[in-house]
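Please model the entire structure based on the sequences and the hints provided.
Protein chains in written order, with my numbering: chain E, 1 to 461; chain R, 462 to 797.
Quick caveat, the hints were computed from the structure, so don't treat them as lab data.
Misleading hints may appear alongside valid ones.
What the hints assert, rightly or not - Each computed DSS-like pair below joins lysine-lysine, with the alpha-carbon atoms no more than 27 Å apart:
no.: 1; chain 1: E; residue 1: Lys361; chain 2: R; residue 2: Lys651
no.: 2; chain 1: R; residue 1: Lys723; chain 2: E; residue 2: Lys287
no.: 3; chain 1: R; residue 1: Lys714; chain 2: E; residue 2: Lys361
no.: 4; chain 1: E; residue 1: Lys62; chain 2: E; residue 2: Lys32
no.: 5; chain 1: R; residue 1: Lys651; chain 2: R; residue 2: Lys512
no.: 6; chain 1: R; residue 1: Lys670; chain 2: R; residue 2: Lys723
no.: 7; chain 1: E; residue 1: Lys277; chain 2: R; residue 2: Lys670
no.: 8; chain 1: R; residue 1: Lys723; chain 2: R; residue 2: Lys651
no.: 9; chain 1: R; residue 1: Lys665; chain 2: E; residue 2: Lys277
no.: 10; chain 1: R; residue 1: Lys651; chain 2: R; residue 2: Lys665
no.: 11; chain 1: R; residue 1: Lys669; chain 2: R; residue 2: Lys735
no.: 12; chain 1: E; residue 1: Lys409; chain 2: E; residue 2: Lys361
no.: 13; chain 1: R; residue 1: Lys714; chain 2: R; residue 2: Lys735
no.: 14; chain 1: R; residue 1: Lys651; chain 2: R; residue 2: Lys669
no.: 15; chain 1: E; residue 1: Lys287; chain 2: R; residue 2: Lys512
no.: 16; chain 1: E; residue 1: Lys242; chain 2: E; residue 2: Lys62
no.: 17; chain 1: E; residue 1: Lys242; chain 2: E; residue 2: Lys409
no.: 18; chain 1: E; residue 1: Lys62; chain 2: E; residue 2: Lys25
no.: 19; chain 1: E; residue 1: Lys409; chain 2: E; residue 2: Lys287
no.: 20; chain 1: E; residue 1: Lys62; chain 2: E; residue 2: Lys277
no.: 21; chain 1: E; residue 1: Lys287; chain 2: R; residue 2: Lys714
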Amino acid sequence: MATTITMPQLGETVTEGTVAQWLKKPGDSVEKYEAFVEVSTDKVNAEVPSPVTGIIRELIVKEGETVPTGTPIAIIDDVATESTPLPNGSALRQAQDRLSPSEQVAEANHQASDEPVPGGNVGLGGPAYNAPPPPSNGASGASAATTPGGTRVSPAVRRLAREHRIDLAQVRGSGDHGRITANDILAAAAPAAAGAVALPPTAASATAVAVTPAPTAARTTGKPTYGSARPGDVIPLTQARKIIAARMVDSKRNAPHAWTMTEVDVTNVWKWRAREKDAFERSNGVKLTLLPFFIRAAVESLAAFPLMNSTFAEDGIHVHGEINIGLAIAAGGNLVVPVIRNADQLSITGIALAAGELIDKARRNRLGADDLAGGTFTVNNTGANGSILSAPILVPGQTGIVTTEAVVKRAVVRDDDSIAIRSMMNVCLSLDHRVVDGAVASGFLSDLRKRFEAMGPTGAL
Amino acid sequence: MTATTQQQTGVTMTNVEAVRTTLHAALVRDDRVLVMGEDVGARGNVFLITKGFLEEFGPQRIIDTPLAEASIVGIAIGMAMEGLRPIAEIQFADFIYPAFNQIVGEAAKVRYRSNGDYTCPLVIRTPYGGGVRGALSHSVSIEALFYHVPGLTILAPSTPADIKGLLNAAIECPDPVLFLEHKKTYRSVKGEVPGGYYTIPIGKADVKKAGTQLSVVSYGYNLHQALDAANRLEGDGISVEVIDLRSIRPMDKGTILESVRKTRKLLIVHEDNKFGGIGAEISAMVAEEAFFELDAPIRRLAGPDVPAMGYALPLEEEFMTSTEEMVDAMRELARF
Chain E
1 MATTITMPQL GETVTEGTVA QWLKKPGDSV EKYEAFVEVS TDKVNAEVPS
51 PVTGIIRELI VKEGETVPTG TPIAIIDDVA TESTPLPNGS ALRQAQDRLS
101 PSEQVAEANH QASDEPVPGG NVGLGGPAYN APPPPSNGAS GASAATTPGG
151 TRVSPAVRRL AREHRIDLAQ VRGSGDHGRI TANDILAAAA PAAAGAVALP
201 PTAASATAVA VTPAPTAART TGKPTYGSAR PGDVIPLTQA RKIIAARMVD
251 SKRNAPHAWT MTEVDVTNVW KWRAREKDAF ERSNGVKLTL LPFFIRAAVE
301 SLAAFPLMNS TFAEDGIHVH GEINIGLAIA AGGNLVVPVI RNADQLSITG
351 IALAAGELID KARRNRLGAD DLAGGTFTVN NTGANGSILS APILVPGQTG
401 IVTTEAVVKR AVVRDDDSIA IRSMMNVCLS LDHRVVDGAV ASGFLSDLRK
451 RFEAMGPTGA L
Chain R
462 MTATTQQQTG VTMTNVEAVR TTLHAALVRD DRVLVMGEDV GARGNVFLIT
512 KGFLEEFGPQ RIIDTPLAEA SIVGIAIGMA MEGLRPIAEI QFADFIYPAF
562 NQIVGEAAKV RYRSNGDYTC PLVIRTPYGG GVRGALSHSV SIEALFYHVP
612 GLTILAPSTP ADIKGLLNAA IECPDPVLFL EHKKTYRSVK GEVPGGYYTI
662 PIGKADVKKA GTQLSVVSYG YNLHQALDAA NRLEGDGISV EVIDLRSIRP
712 MDKGTILESV RKTRKLLIVH EDNKFGGIGA EISAMVAEEA FFELDAPIRR
762 LAGPDVPAMG YALPLEEEFM TSTEEMVDAM RELARF
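Structure below.
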């Protein structure tokens with residue numbers, strides 16, 4: 001029986017998807033729940049698991065092609081479990097799926113005494129078989145998640161392989177029954193890094209390859225990646241990078257950017273945060289940064305200046321009913337802007353928790369399409385990197401983006417002509433000049449400054 | 462054995478001597494401190510911990526009680542709330558059940574119920590654990606029955622130096638502390654004890670042996686076996702880190718997580734039943750907070766799910782985890 005796989009709907013607001021990468025090719029076997037295609041929508045990449053165990057008959061959609069959800073993308077011939085032989089090891093592995101970890105260890109030990117184990121990648125306790133070559137770029141999530149054929153890897157190995165961009169198929173396991181251990185990954189990653197640093201730039205690559213084969217392990221397909229760029233590389237554009245580039249050009253071309261800045265005295269709110277942060281982290285499990293205080297002030301100002309929370313279109317300026325704050329986050333070589341929905345309905349604590357969750361998801365590459373949709377205004381904490389001035393590019397469709405710059409102590413002349421040491425922070429605003437003019441933008445920024453400066457230890461988190 | 466005041470320089474002593482000398486020094490130091498329990502007076506405690514105390518401190522401070530654990534703890538709660546520092550003894554942990562309501566229902570809730578107006582600076586000492594042919598009524602581990610209860614502190618130190626520091630901390634603590642002493646370690650474990658008064662912070666585990674390949678968390682008599690096993694494996698090139706939990710509640714998550722993040726493998730060993738034991742909480746905590754650090758399934762070695770430790774030697778041995786079993790488990794985990 002053949003099963004037709006259609007483009008899944010990744011998120012309730014998503015209508016189409018792009019086949020970013022096929023993880024299998026026609027003729028490959030695929031197990032139920034095994035990822036066989038990577039689909040990207042907007043900026044989210046997701047691996048799609050197979051609903052059946054079988055053999056890939058046909059890949060209908062090419063890599064890079066975008067089709068509406070529900071469009072057939074592949075056909076898989078189901079394997080009848082009784083009549084068709086599974087790849088070696090699968091049956092045993094399935095049996096072991098039903099065992100507890102300690103039973104698996106016991107089982108593995110039992111196997112050790114009975115069967116000789118050749119080298120290569122071997123399932124936990126399963127007989128050895130030669131793994132097929134990796135079907136895809138090892139830097140993608142797919143081959144980091146499981147070795148070809150579905151050999152089990154521990155959470156630590158999975159994470160380290162992803163972080164160091166190691167293709168598990170290239171690693172020889174030193175653990176029980178050839179299991180790849182966390183140290184195997186670190187060992188595979190270490191020489192590559194050391195070689196790159198130690199060797200002089202001239203003739204470096206030739207020598208490095210001759211001395212140690214590790215660089216090929218680190219770069220699975222030989223293609224340079226964003227995270228491992230070296231002089232002379234041409235880095236192929238990932239789907240995400242293409243989208244970032246297109247959106248930046250779109251925004252700069254269509255929205256005439258104007259820019260303004262104000263400086264804010266954050267001494268009081270800084271003290272408030274300092275007083276609350278330990279207790280806050282204890283009871284909420286996330287660090288209390290200045291960001292949620294700032295977002296709280298910003299949403300209040302947006303409510304007072306609704307034009308700043310709008311979208312320019314040919315038929316008019318759409319003023320949004322919701323205040324959804326996008327957070328610009330750098331993660332894994334990409335820029336993502338997940339959204340805190342209805343941020344005006346959240347307390348400072350609520351904003352901190354929502355932001356913490358989004359940042360955590362972004363770092364773990366777990367943002368879903370719905371996390372990224374619906375932003376009406378964006379905040380970028382450029383100060384985290386020490387910046388004191390930025391001229392941000394608008395998210396297409398939004399009228400404003402603000403940056404919070406580094407907090408610095410400065411001698412400030414106050415209203416009564418006294419000089420005091422205050423904690424100061426610049427706030428920069430880029431605006432879509434089609435929507436608002438300088439007067440509205442300045443009024444908004446001034447309002448934001450006053451609200452933020454008025455925050456102090458008597459407020460409510 | 463005669464009563465001695467706090468020694469001023471470090472000396473080597475057994476666990477039972479550490480309990481005795483620390484109690485004695487507390488009675489000398491602070492006249493709010495009193496000791497009460499079954500046979501603590503004229504008999505001097507079944508392990509001779511309080512021998513001579515009655516003569517030295519008098520019947521007002523060394524109180525022989527009837528065989529009534531609920532009363533021992535209940536009366537001690539009242540004393541503690543009114544400003545004394547009672548150290549109540551439950552002769553064997555196996556006898557603590559009648560006092561369960563007083564400990565869980567009353568002592569643990571005094572501070573909360575009175576909105577902080579009252580505290581309950583009570584220490585309940587009790588010998589626990591098996592491996593001494595104690596049979597059904599002199600072998601139990603009770604920590605899992607109490608560690609679910611907020612408001613209680615549970616300490617289970619395993620060396621003389623830790624016993625002294627943590628017993629002093631327990632007496633200082635403004636809230637109720639259940640202080641567990643493994644009876645098989647009473648005379649089998651000796652160690653150097655620093656002189657003078659000191660406390661060890663409640664809620665801090667102690668890395669008793671540093672290592673790199675796997676982490677072992679244990680306490681009580683098992684801790685000493687785990688250290689033996691780890692030292693044996695050192696000769697085979699297997700480096701094991703052994704953490705003495707010491708404080709069961711509050712639990713030192715930080716030390717455990719730091720170790721697991723380093724070694725990526727975790728073995729938990731305790732004598733109490735495996736099901737719903739302390740190891741269940743530790744492994745759940747590690748799975749929640751360090752899942753992506755783990756390079757092997759978490760393993761537990763613990764008591765079997767049977768109602769009690771039998772008297773017959775084979776039954777007792779079957780219940781108690783042997784050092785050999787620990788060596789095997791550590792070896793398997795290191796190799797995994």
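Check: Against the structure shown, which of the earlier numbered hints fail to hold, in ascending order?
Finding: 1, 7, 8, 12, 15, 17, 20
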